[in-house]
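Peer 1: Below are the chains, spelled out letter by letter.
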Amino acid sequence: MLTGPVIVFTSFAYLGLLFAIAYYADKRADAGRSVIASPYVYSLSLAVYATAWTFYGSVGRAASDGVGFLPIYIGPTLMIALWWIVMRKVLRISKQNRITSLADFIASRYGKSAAIAGLVTVIAVIGILPYISLQLKAISSSFSILVQYPVIAMPEHMGAGSVFNDTAFWVALILAAFTIAFGTRHLDAAEHHQGMVAAIAFESLVKLLAFLAVGLFVTFGIFNGFGDIFERASDVPKLAAMMTPLESVAGGYASWVWLTVLSMLAIMFLPRQFQVTVIENLDEKHLSKAIWLFPLYMLAINVFVLPIAFGGLLRFPGGGVDADTFVLTLPMAEKQELLALLVFIGGLSAATGMVIVETIALSTMVCNDLVMPVLLRLRRLRLNVQPDLTRLLLGIRRGAIVAILLLGYLYFKLAGEAYALVSIGLVSFAAVAQFAPVVLGGIFWKGGTRNGALCGLIAGFAVWFYTLLLPAIARSGWLPIGLLEHGLFGIELLRPLALFGLAGLDQITHAMLWSMIANVGAYVGVSLLASPSADEHRQASLFVDVFRRGGETGGARFWRGTASVPELYNLLGRFLGAAAAEEAFREYAAARGLRWPLERADAELVDYVEVQLAGAIGAASARVMVASVVKEEALSLEEVRAILDEASQVVEYSHRLQQKSRELETATAELRAANQRLKELDRMKDDFVSTVTHELRTPLTSIRAFTQILLEHPDVEPAQRTRFLGIITKETERLTRLINQVLDLSKIESGRAEWHDTRLDLKEVVSDSLAGMGQVFEERNIRVQFSAPQSVPPVSGDVDRLIQVLLNLLSNAVKFCDARNGRIDVALYEENGGLRVDVRDNGAGVDEADREVIFDKFRQAGDTLTGKPQGTGLGLPISRHIVEHHGGRLWVETRAEGGACFSFTLPFRRRRVAVAA
Amino acid sequence: MGDPKVARFVALCILGMLLFNFPILALFNVPGRVFGVPVLYVYIFAAWAALIALMALVAEKK
Chain A
1 MLTGPVIVFT SFAYLGLLFA IAYYADKRAD AGRSVIASPY VYSLSLAVYA TAWTFYGSVG
61 RAASDGVGFL PIYIGPTLMI ALWWIVMRKV LRISKQNRIT SLADFIASRY GKSAAIAGLV
121 TVIAVIGILP YISLQLKAIS SSFSILVQYP VIAMPEHMGA GSVFNDTAFW VALILAAFTI
181 AFGTRHLDAA EHHQGMVAAI AFESLVKLLA FLAVGLFVTF GIFNGFGDIF ERASDVPKLA
241 AMMTPLESVA GGYASWVWLT VLSMLAIMFL PRQFQVTVIE NLDEKHLSKA IWLFPLYMLA
301 INVFVLPIAF GGLLRFPGGG VDADTFVLTL PMAEKQELLA LLVFIGGLSA ATGMVIVETI
361 ALSTMVCNDL VMPVLLRLRR LRLNVQPDLT RLLLGIRRGA IVAILLLGYL YFKLAGEAYA
421 LVSIGLVSFA AVAQFAPVVL GGIFWKGGTR NGALCGLIAG FAVWFYTLLL PAIARSGWLP
481 IGLLEHGLFG IELLRPLALF GLAGLDQITH AMLWSMIANV GAYVGVSLLA SPSADEHRQA
541 SLFVDVFRRG GETGGARFWR GTASVPELYN LLGRFLGAAA AEEAFREYAA ARGLRWPLER
601 ADAELVDYVE VQLAGAIGAA SARVMVASVV KEEALSLEEV RAILDEASQV VEYSHRLQQK
661 SRELETATAE LRAANQRLKE LDRMKDDFVS TVTHELRTPL TSIRAFTQIL LEHPDVEPAQ
721 RTRFLGIITK ETERLTRLIN QVLDLSKIES GRAEWHDTRL DLKEVVSDSL AGMGQVFEER
781 NIRVQFSAPQ SVPPVSGDVD RLIQVLLNLL SNAVKFCDAR NGRIDVALYE ENGGLRVDVR
841 DNGAGVDEAD REVIFDKFRQ AGDTLTGKPQ GTGLGLPISR HIVEHHGGRL WVETRAEGGA
901 CFSFTLPFRR RRVAVAA
Chain B
1 MGDPKVARFV ALCILGMLLF NFPILALFNV PGRVFGVPVL YVYIFAAWAA LIALMALVAE
61 KK
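If you read the protein sequences in the order shown, they are chains A and B.
Reminder that position 777 of the first sequence reads as 777 in our numbering, one-by-one numbering, no gaps.
Reminder that position 34 of the second sequence reads as 34 in our numbering, one-by-one numbering, no gaps.
In case anyone wonders, no lab produced these hints; they're calculated from the structure.
You may find that some hints are simply not true.
Okay, derived cross-link-like pairs now, EDC-like style, lysine to aspartate or glutamate, Cα gap no bigger than 20 angstroms in a straight line [what the hints assert, rightly or not]:
#1 Lys660(A) with Asp3(B)
#2 Lys95(A) with Asp545(A)
#3 Lys446(A) with Glu60(B)
#4 Lys289(A) with Asp3(B)
#5 Lys285(A) with Glu60(B)
#6 Lys95(A) with Glu60(B)
#7 Lys289(A) with Glu60(B)
#8 Lys5(B) with Asp283(A)
#9 Lys62(B) with Asp545(A)
Predicted model only: the values in this text are computed from it and were never measured.
Next comes chain A alone, as it looks inside the complex (with noise of 0.2 angstroms):
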């Protein structure tokens, strides 16, 4: 039943359904309703890291190495645990860059560089070119094997026979054929292939269950589970020394650790890892689900790999059958036919995903990183003013993948037949592992510049090429075998598989540590030679500050220069076609709000359109045609770092100065105050100083008046002469109280006063004072009520000067209380620590506002312009200010039954009181 008609029909078939598959998903995709959009799709897109390689060759590493195939699974479980970290990152950055590729990516962080992304694209198409071989030299083997049942026999080496009878040749063909169906049917400027997808997620199941139903067939099928094989295969020796490897492996520990971190790379940097986890991401958030669904699936499909390893050794001891073939040999053998032809679909699953995600990862980025780039600075091929590029591109793109597949073929032929599976594979690995440094440094790392960016990338690459590549080529007798056994040009020290002298490590991990000291060495080493230009310092700042920057580019608010609306349109329309460019336009101005036609190209809407361009063609490319219709104005790398550096400074400098313009508001009240204060001061002096002239002239005036009628009328009456002399000795005496109270009142303010303190009996002291004014109460016929407990406890205190301040309430009692049926009462007593005393009289009180005003020098209640001045207007200070000295307080309340109640203070332990100025 297995006869090559029928396995080339079943082939066909289930290529025709993935493309069923693809097509459905496409047009799902174009209606809106996108069947791809779940995260266990993604995860099992992912899932394309399992080849060939894992389905045939793991068994094959199993049985040389036993557990030597795992860390292919185990690094990448291990770098997934860092893509909440890392993975997240790119992905942002990727989204809001419209990065199209592997290249893409790496050159728009180094300034958008064409010379770095033509660079990535050449080391990534060689590196690959292994493993692609890989997956061709899968493939037709297996099909070499199945074709031949019953018979078991290892396809004879291909050396002779022309290429058109080489299965291979046609498999590359039959694949580029798919491929260009799948990938390049039309343009997406965001380079989503929906469809593909689909398939890969589709073959991704298919390739899982034939390699479990194998593996459940050969552990129980064959054999009696698990125990069993091991079992037997303990009883012979060879064996049972591969249940502890890790010694007896190649290098041991040390290659070990080496596939594990070589692996934890490739699956960052193999293109169609980049091309299924970056590019085809449709939501962020798949990841959550991504991070754990793929290792899961990596540990599922590796379950079964020892027991059909020690499966096959055990069923085919003589070492006849390539271990890579047992997933294959083993149902054969068995008989099982219709499990043979399900696992030869499964490796056609594997093979052919790796085969097409990763062409047209690589033709992208051959035709946006390398060929346009190319093409676009030939000035005679007119390309920036032809119409309709679209056609062009999707051309560049089929080239590129048929002529990768035929490179694929050759490499095929020149070296792929001498090694296994793995070993060539993991030549990719360090091929790709290149990658790591410029894109973990430059998405963590702002001082990578485009020159060590380059430098990095040509110095791994050389040493990848010289100790892995060319030993593969030399190998197989293409090159003189002598070159590895004494080093180029006979210089032992240049031996390629122990450069410098290195020997007893195992080809990849001395290829990896070299390599990775060269590129890591000049990457960095370079980029601290050189400050980064403006543009690498720009990109630089969007890729590792890409989560601070919120959600837009900002690549706009770098940019100034001019630009018409039609030539962008054009330039966009050449490129995606003129529906496509309409509908980019008319969404930028519905986002905006802006009026469709567009009057305006501000920088936004350039930046808008080289975004957009970047989807079709690449960010190198984008950028230089752009700039073909912009008048652009490059910014100085000053201008640049400016604008970034300071954007940061500017927060805190704007923080520094609110805060130093509030103390300088605080400062400006205060110096107001006081400005307002000595205004005061100095207005209050002027009155003082004119009050006390004003004052003193008015007695002056009538002493002087009455003196000069005495003098001029020596014959006035002796009664009227007593009056007058009664005037004049009145005014004599007012003048001198005057002048003493103004001197009083300098001298307690200057503190030159004297104070005569004793320990003084207050109630004596107001005894003395209402006895003192006796003779004016019964002159004014006021009545007088003293109230005060038997006795009080004594206060320290100017006997004389506490006199003045009773005399002085008590005047100012009389002259305000009712003149008819005046009333004053005293009293003292003891309160809160002192001695307080209240004089009330019953007159008008004072009014609320004069209240403090009565207590200043010369202002008293009332209008002093029409009204009498009852006093010299400085009793009431002087008396405030001998209370003050004493500790104590003097003030004023309005009684509620009318009139004012002049109260003071006298505490009994003194505080130092400051006299004041």
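Fit chain B to the given chain A structure using the hints.
Peer 2: Chain B alone, transformed into the frame defined by chain A:
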């Protein structure tokens, strides 16, 4: 970064590196079988499964 997941994932990665490396790996690189399966194989797959389970816990935690 304030995201607690970041620290947890870093810790898991370090744990994985310890589990699948010398010297812990060497402890299990000994003859002998558990349920008929060599110790080393059982250890690697069990540790791997446990690591994936922990990653699932951290990733899915809201």
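Peer 1: A separate judgement is required for each hint: does it hold in the structure or not?
Peer 2: Here's how the hints hold up against the structure:
no.	hint	verdict
1	Lys660(A) with Asp3(B)	violated, 35 angstroms
2	Lys95(A) with Asp545(A)	holds, 14 angstroms
3	Lys446(A) with Glu60(B)	violated, 32 angstroms
4	Lys289(A) with Asp3(B)	holds, 18 angstroms
5	Lys285(A) with Glu60(B)	holds, 11 angstroms
6	Lys95(A) with Glu60(B)	violated, 23 angstroms
7	Lys289(A) with Glu60(B)	holds, 7 angstroms
8	Lys5(B) with Asp283(A)	holds, 19 angstroms
9	Lys62(B) with Asp545(A)	violated, 25 angstroms
In this structure, the earlier hints numbered 1, 3, 6 and 9 are contradicted, and the remaining ones agree with it.
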